[in-house]
Amino acid sequence: MINRPFMTLIQREVWRFLGLYKQTLIPSVISSGLYIIVFGESLGSRIGSIKGIEYIHYIIPGLVLMNAINNAYQNSSSSIMQAKFLKFIDDLLITPLNGLELSIGYMIGGIIRGVMSGILVISLAWLLADVMIVNIPLTILNLILISWAFSALGVIVGIYGQTWDHIAVFTNFIFMPLTFLGGVFYSIDMLPEFWRNISLVNPLYWMINGMRYSMLGVHDSPPFLSIIISGMFVIVFSSIATLMFTKGYKIKE
Amino acid sequence: MSNLAVQIKDLNKNYGSTQALNGLDLEIPEGSFFGLLGPNGAGKTTTINILTGLVNKSGGYAKIFGHDTVSDYRNARKLIGLAPQELSFDFFFNIRDMLALQGGYYGMSFKTGRERADELLNQFGLSEKSENNARQLSGGMKRRLQIAKSLMHDPPMIILDEPTAGVDIELRHMLWKFLKDQNKNGKTILLTTHYIEEAENLCDTVAIIDHGKIIEQGSPRTLIKKSGSSKLEIKVKNWKDNIINDNRDFSFINETLHIPAEKPEKEMIWWIEKLKENNISIEDIHISKSSLEDVFLKLTGRSLND
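Top to bottom, those sequences are chains H and R. This note's numbering numbers the first residue of the first sequence as 1 and each following residue consecutively. This note's numbering numbers the first residue of the second sequence as 254 and each following residue consecutively.
Bear in mind the hints are in silico, worked out from the structure with no lab data behind them. Treat each hint with caution, since some may be false.
Distance windows between CB atoms, simulated [unchecked claim]:
1. T171(H) to N256(R): 53 to 63 Å
2. Q435(R) to L127(H): 55 to 65 Å
3. S31(H) to D421(R): 29 to 39 Å
4. G248(H) to D407(R): 38 to 48 Å
Backbone N, C-alpha and C fix where the C-beta goes; we use that ideal spot for every residue, glycine too.
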């Protein structure tokens, strides 16, 4: 599978988002900076600390995750959607690349963008808030798994979607509420029992929990479960995406 | 490698209740310049798309140089270059890098791809535009770029779906010359076209497809001979019945003799002499040569542009 055609697809995907860095990487860094300044600096001083961590530091893993998710998803979904609209998806479908290589190639493009945006936000947080990562390998693993899961979801939506609205629906109506309700800005221990239990069925809560543990060493739930849940999403979404490419669902007649 | 560039047997494709291909059989010898003619909806593009992997077949098989397009798709696809009817480019890159990436999908290194892209851009008169995006090219340039893209990995067979549709005459002739040269250099070419002149000029073999089936196949000359109908028309004055005693096939309508003839020029000489002998004056002579268009019309009952 690691052959030249496959590597070319990854190269193409990375070049695409790097070439459009003003639209792809920079906006997420700016919005994260604003979150850190507004929520961290102004509100943080009033909130104090959560689980012994300064509030400004406590929100950073969630911001990293939000950016990784958004960038990974946007990369694969919009790249496939554009290829479909402009018809050059056919240029790929006629090549010797198979469904697995095509889906993984697109996913890796999204993973690289997701991880890069995560690292940029971490760097910004270090500059603005002097945050230090407790476990770098685990943070990288979490970033990769989360980016992979959402990049794979982006492939699915990119193939399935018929309009740009379909892509936006996931971002605006699913990711955004689930991320905010998953504890980016708070610990679920601060919630009433009912809402705490509701939060436990939100997969993004688990991902934020894992990211927070790897970056800051604190958690609300067992962190190994976070890795398992992220891994499960990776497997399920990647399998569906690969099956769609292999069968030519909505891209072949 | 087999001697057949394309071998299709009992190929079927259904789109819901619509049968696009209905047991299509087709063989294209290696090195031939093959034309696939048919009206809209006859099954030309579906056939091409099954060969290239853009459409999943419902039944039968297709092989490219002996490689099955499904079970051995990697090898089959490496051997074809496709220039589809609809222009499609990766607009994120300049045309040089776009071509280099296309080469990469077939296993070419980026460096080699750029060299090959330069070669093709030069060949197609697009060198000056190599740093431009495909969006910035004119329609004719885009058409040339589309063909250049299909040749990036130097496949032994190229498939061109209506390559000269909507291009001006000058470019059409330039493309014809280029394609002829490619064929002379050993490339097998499969071409679909609406321009009958194009098929007659370029193709050594033509297959007529209708309702998802090949209904006739042969060299343009053989098909014209077999199914065409050249004729001689002579407008006369003072026509007399019973002057033609030979068993000659003709009809006299509106002061005009209508004479079906395989070789109308030869037939004309005989008729001129005969009419002269009988003091019948000739007002006008018209030779109507049959073409693939006539063959097509006769076989399908439809015009190629239907």
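Consistency of the hints with the structure:
no., hint, result
1, T171(H) to N256(R): 53 to 63 Å, "holds, 55 Å"
2, Q435(R) to L127(H): 55 to 65 Å, "holds, 58 Å"
3, S31(H) to D421(R): 29 to 39 Å, "violated, 50 Å"
4, G248(H) to D407(R): 38 to 48 Å, "violated, 27 Å"
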